[in-house]
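Trainee: Just need the whole structure built from these sequences, with the hints factored in.
Spelled out, the chains give:
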Amino acid sequence: MKAGSNLEKILEAGKFAVTSEIGPPKSANANVIRKKCGMLKGFVDAANITDNQTAIVRLSSIAAANILLQEGIEPVAQMTVRDRNRIAIQSDLLGAAALGVKNVLCLSGDHQVFGNHPQSKNVFDIDSMQLIRMLKDMRDEKKFECGDEMDVEPRLFLGAAANPFADPFEFRVDRLAKKIDAGVDFIQTQGIYDVPRFEKWLNEANDRGLTEKVYILGGVIPLKSAGAAKYIKNKVAGMMVPDEVIDRMKNASDAKQEGIKIAIETIEQLKNMKGVHGVHVMAIEWEEKVPEIVKESGLLPRPTA
Amino acid sequence: MIVGDRKPMDEILEMLEPYENILILGCGTCVTVCLSGGEREAAILAGQLRIWGKKEGKNLNIMEHTIQRQCEKEWVDEMRGHVEKADVVLSLACGVGVQLVAEMYEEKAIYPGLNTTFMGYPVVHGTWLENCRGCGNCVLAHTGGVCPITRCAKSLLNGPCGGSQDGKCEISKDTECAWQVIYERLKKKDQLDWMNSYQPPRDWSTAGDGGPRKSVKIEEVID
Amino acid sequence: MEADEATSTSEVPEEFRPRIVAYCCNYCAYAAADLAGSMRLSYPPDVKVIRLPCSGKVEISYLLKALEEGADGVMVAGCMEGDCHFMEGNFRAKRKVRHAKRLLEEIGFDSQRLEMFNLSSAMAGRFAEIILEMTERIKKLGPTPLRKGVKD
Amino acid sequence: MIRSALVIGGGIAGMQAALNLADQGVKVTMVERESSIGGIMPKLDKTFPTLDCSMCILSPFMVDCSRNSNIEIMTLSEVDSVSRENGRFKVNIHTKPRYVLLDKCTGCGTCVEKCPKKFPNEFDEGQGDRKAIHFLFPQSIPQAPAIEYENCTYFRTGKCKLCEKFCEVGAIDFEDKGSTVEKEFDSIIIATGGQIYEPDGRKEYGYGEYDNVITSLQLERLLSASGPTMGEVTKKDGSHPKKVAFINCVGSRDEKVGHDYCSRVCCMYGLKEALLLKEHEPDAEITIFYMDIRSAGKGYDEFYNKIRYEDKIAEFIRARPAEIFENPNKTLSLSYEDTQTAEIKDLEVDMVVLNVAIIPSDGTKELADKLGVGLNKYGFFEKSSFSLGPLDSSSPGIHICGMASRPLDITDSTNQGIGAASRATTDLASERTFPPSAGYPELETDEKRIGVFVCHCGKNIASVVDVKALTEYAKKLPNVVYSEDNIFSCSEEGQRKIMEAVKREGLTRVVVSACSPRTHEPTFQAAIRSAGLNPFLLDMANIRNHCSWVHKDKAEALEKAEILTRMAVARVANLDPLSKTSVGVTQVACIVGGGVAGLTAARDLTRNGYKVHLVEKKPYLGGRLPKLASVYPEETSGSELIMNLIESADETGNLTVYPASEIAEVEGFVGNFEVTIESRDYVDYSCDDCGKCVDVCPVEVDDDFNEGLTKRKAIFKQNTFPDKYYIDPETCTLCGECVKACPERAINLETQTSNVSCGTLVVATGFDAGDPEELLKHGFGSHKGIVTISQVERLLHEEGPTGGDIKKHVGKVENVAVLLCADMRWGKNDYCSRYCCLTGTKTARTLKERFPDANIFVLYENLRTIGIHEDLYKEAQSMGVLFVKYSFDEMPKVSYTNGLKLNVKDQLLGVELDLPLDLLVLAEGGVPVEGSHELSKKLRVPCSGGGFFQEAHVKLAPVDTSNEGIYIAGGVQYPKDVADSVAQGSAAAARALTIITKEALEVGGIVSFINPELCAACLTCIRLCPYGAIAINEDGVAETNIAKCRGCGICTTECPAKAIELRHFEDDQIIPMVEQYLGEVTNGG
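Residue numbers (this note's numbering), protein chains in the order written: chain U, 1 to 305; chain Y, 1 to 223; chain E, 1 to 152; chain B, 1 to 1085.
If you anchor each label on the Cβ, the simulated ranges turn out as follows:
1) P18/Y - N85/U: 37 to 45 Å
2) Q68/Y - K475/B: 44 to 52 Å
3) E310/B - E129/E: 24 to 32 Å
4) K256/U - D889/B: 37 to 45 Å
5) G134/Y - D140/U: 33 to 41 Å
6) E310/B - T54/U: 40 to 48 Å
7) T54/U - D702/B: 53 to 61 Å
8) E343/B - K256/U: 48 to 56 Å
9) Q68/Y - E129/E: 44 to 52 Å
10) K828/B - S205/Y: 54 to 62 Å
11) D805/B - N203/U: 53 to 61 Å
12) K828/B - K256/U: 38 to 46 Å
13) D181/U - A109/Y: 51 to 59 Å
14) D129/B - E129/E: 18 to 26 Å
Only part of the chain U face toward chain Y is listed, based on derived beta-carbon distances under 8 Å:
15) R86
16) E145
17) N163
18) D167
19) D174
20) Q190
In case anyone wonders, no lab produced these hints; they're calculated from the structure.
The beta carbon of each residue, even a glycine, is placed where N, CA and C say it ideally should be.
Mentor: See below:
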């Protein structure tokens, strides 16, 4: 065991994992998080806490993770390299580990031009790849990035993102291989709508034996409306929504229900794919629907590790 | 070259408000070539200021002069006569030039007329693109001659992030993804190895994060 | 002055005769002005034409200089778009005038005192119309604020 | 003996011929029967498809004609009689009285103003008025009026003479009896043009009877800003039309009136007028009645599509209205059968415009008789051969251009006019003559002694501006040491006085306050030059056109005249003496491309006595022509025609051919180009035709000469020039087997590089027939029966793969369809290739001839057998070829899996046809040849969108390019038929002759100058110069090539270091004008 987290244990046991995501509030209101915890408890193996997603200031991911621990849900703390240099990151994650956080998702982070402080200075001292390696070295070598040694290391189960829908497509499997090389333990992918493209990526990863070296959790984002689908397709860099999906949303009598249905269908497909070890359901500001999706996908009850 | 853009007029007028004898000082190298601070721009700005002065009922004496380079002491020294006639010098040089002029004419009010923007080249006439940040540790040998430090919005070193799509960067559809370009170039040259292997964190101390930089050619310096 | 001459406006004091500089392309606007003469078209005398080989020869500093010297208005007249004798000089002129207007606006000077027109050498009537249009516009704007003299 | 030519007709074709003759050292007499040259163009508002102002683009050419010392213009003149003596022509020219003496008249126009009588203006097509004494149009050349005898009060009543009374120079001569002179010429060019059909033969349209039925030319005058309504389109009652119908083909394609040819231009001018009408009257509803829309030409189909489908300017109805009735309220009712719906319908409109035909101009028959040349069946001048002699009459030494021989648009009239200028100078022994350079005196002193000369222009200026006061005012201006006034400064006396004053007063600079520098600057420049002063030390104040003629208030006018004079004085004080310098010319031409256009140019140039280097990419000459079984309408084989051309050029000894060669590099500029040629002509002329090489060659490829119907080796031979074996370098693997097998050792597989110096280049690289990608969509290549027209030509050719028996290829020929627009206009290639309707119809006709019992269909979208090719259409139709109109929305569908079949919806009958076929002929269009873009870059000549080379001006400079000295001809500019390619070949030759007939070119004068001290080498000027005239020199700074600079001044305004000045328009010559206008007047000097 690298960290001994619930998520790690479930994956190690060869069971199909389910994670979800909680967005912290744009305030100091801890109750928002507690309420969302209530919705998810018992339905997911762990929940990600986003780190100032889309560069909009929110309650700190590590602080939120601590609230999750209090509420009895295992957190996956997200950590971007946008806002902190290597000093701050190492320091924050030592703190997180000390609080009992056992999973970290290493990310580059959305560029701040999208957020509510576009005039801010970004950091990008290291990139997400280097973040993985740095945390692995801290955990396995008990070394800081600079090479200095420590006595108690942070035991963290290391995650990273993969996006089969970004370009250049040919490089996406190479990049997965690089992340594995850097020391990643699990991958959560970008939301999947274009299943054939995802399969193409996965098949190549399978062929190269990569899926045996890392756990892959397929990302699923339920759609709320045809408009949202079109927005994601046209405006969100690195995401793809096929026209068939948009048409289904457009033609549905109850668009929200259709979105849930599509998500469930996608999970059904993911369950049967070689090399997929779980799903990551990102119901953005729609956490209440996660239990339904998990249930309808036949993923209940969640195993105890 | 060093690229600059003329400062907003409000800011210029605010700087010049207290003065009557104004010297607009053009620079004949980078900012001439990037069409922001050469003889022509100095003349245009001077024309504008004269109209402004007359409109405001001020009795302004606007002088224009352009020297070869404001970043060299000898050139800056040569225009002493012009500077002496002025109460204020509005330099259209890059920040380097403005500082040297300020240093050599400490007693005068020396103000910048430009915002120095970046180092780059003209893609087409009238449009410049930033392509070097002077980080002090060049990686171009590995990246197909495309600088990821400058041209990747996140200065990534290990390939494109998940926001790269259709060759464009996530920050805007007008910005190309540097890593897409790098990938294509390296693929063509069959040199993807570097990009496919893990690149460790950089040493940013050469990039100015280690404090103001200095370059000494020891072979040129007599101690 | 004859009663039918369309130069008098009611709002502006009779004595204000604007001074307008017109930079004209030799191939179109200047030729149209010549033709307007041949056709004895009548227009106000307040515009003085400076002949240039191409409207693309207009420099921003020429435009500013005229205003600085106290012109009440400045105009540039080039060939119809796509018809430039020198391929695209009139487009360059158009950009320059547009830029010069921005330069004037940022110092709080009314950029309506500067305008670009396009016409062909056969458009004598249009030339007269343009002159009238510009004269009227400047009369409405009144004398240039630069001729008020130096305040103390 | 001095070389001389007579050009009959002063329209655009005649002017182009005259200018190009004069510019190659030929003395030209231009005879024009109207009182001004210009022809039809001055009547037009704008020209299609670029909507250039017609007068704007024409005027410089007219002025050039009047200023060229090699051109004598004889207006109001006609050829009386012609005889031949010792190979030269003796011609009597009769000039009718103008009653205005050209040597005295200053063109001031006072007489016109004073003339009391008004008559309908013929120039405005009877709309509006003009005086009995009048200028034909304001810009007329010569700039003098003429008295119309029939309408003059004096001639009718013996009283009046007001014009004489008011003319201050005594230019009116009521005793003028006209004159007849005899002149000798080496050659004659007929450029008498055509005229519009007056539609009184179509009574049912009520032209001349109904108020608001007008001709297209009348509408053109109404649209024109200088027309009778100053550009307002009005009905007879003065109101604006809200509903307008255009009727196409009035008098064209119409056997009833005896003009069954297509007039070629009316579809396009109709579209243009509809567009302009819509601009004038945005609310107008426009309907266009048409048969076919024949928008066949560069940019024409795009123009049509934009008007019809994008901007939806008008409704298009395929019909020919039977009759028009005028309603009591003067609106008009049209009845017509919509041929696409077969319904009889009515339409009520306010105005009907008849798009009338072009017919031979009056007097054509009489002139033909005098010249001893024939007329064709339509009454136009007959050419020696339609395709290969489009500019020659059957009588040697007499050439024809423009609409004298058939209806043509301005572009083609120009092509022919220029081309005639090279035809008219071939095979002559007489000498060329050029005016000597006038010289550019230097200025010996820095002293500014300015003289101001104020002109009264009779009463034109003096009646409004107080000339005496202005003269006195000028005396007080800075640096002015002398001023005087003259009644007419431009008169001989006026000029003499200026010259005397320059000498007497020691003037170093001169201002003439008079009229426009655009018309008179050269006059006064010449005057001060004769007085020893540099001609550039002159400025003019335009106190007539810009002052006395447009202002009535005398005080205001004087004030303005004073300011204009003051400004001119300020400028002239800072002017510098300029000079032009001579650059020697390499009197050799290089032609790229050995097809029919290139070979025509080669023939004309070599037969003018100049060396020609001919570079051809293929190993043999001839281009597409030698492949053709016959060339319409000659019915001669293509190879025979080509061999005639080659022999005609070759026998002069001036031709060097580089087969299998390409241009590697072109350096230099007009007059002196350096061309590097790479040749892969591996087999030399010691080849004795044994053919052993072919046996051993291991490379077998599709034979492109047989359009891929057969195979050939990489070493091969065709029945064209040169008569030897050759290797196709593109497919040869350089294996060397042939070298070993050749008993004559004639083969050497090395690439040869030649460097050639020349003064000019002609690019004639042609076009490629057929876009394979598009043809595939019709199953080309999938079935034996699906062939292209080029393949049919080979299959019908006696020397082709089937010995001329097409049945050997397809078995039987009982059912045939020819699909027009197979690869053009509906898919990737959105333009019309212009020639394929002709070749497609020709193929259908030929097949019908061979197989009279076969069912032959021609499928067309718009049938564009333009001009007299309409004959071909009618002939095919009468033989039983069936024409089926299809629509691009319902493209004919080809199937070939179970026998060849074609399904097409007949748009006129509305039925679907299922045609079983033996043969489907795809009429392929023309696409740019491979490598066009690379060649265009090497030559620095831009390509237009599609990849065809861009001409300098689509109408009036169709063979010039933006790179002076490089000319284009034939398919490289746009796909065209043989006749048009040949005409352009000659035109390019004529343009080339204007360079290489001269020993030196004068360059410089008003050009840009870059101060090397200030140049930052930023490249801005280099990037922005429209002519590529600036480059970085050896010193690392920008420098203007004065031979390429055209003096626009764009570089000067963009240089960020202000390092560039345009001579004669320098900042210190412009800014003082502003200062003098606006600043305090400085007195004294």
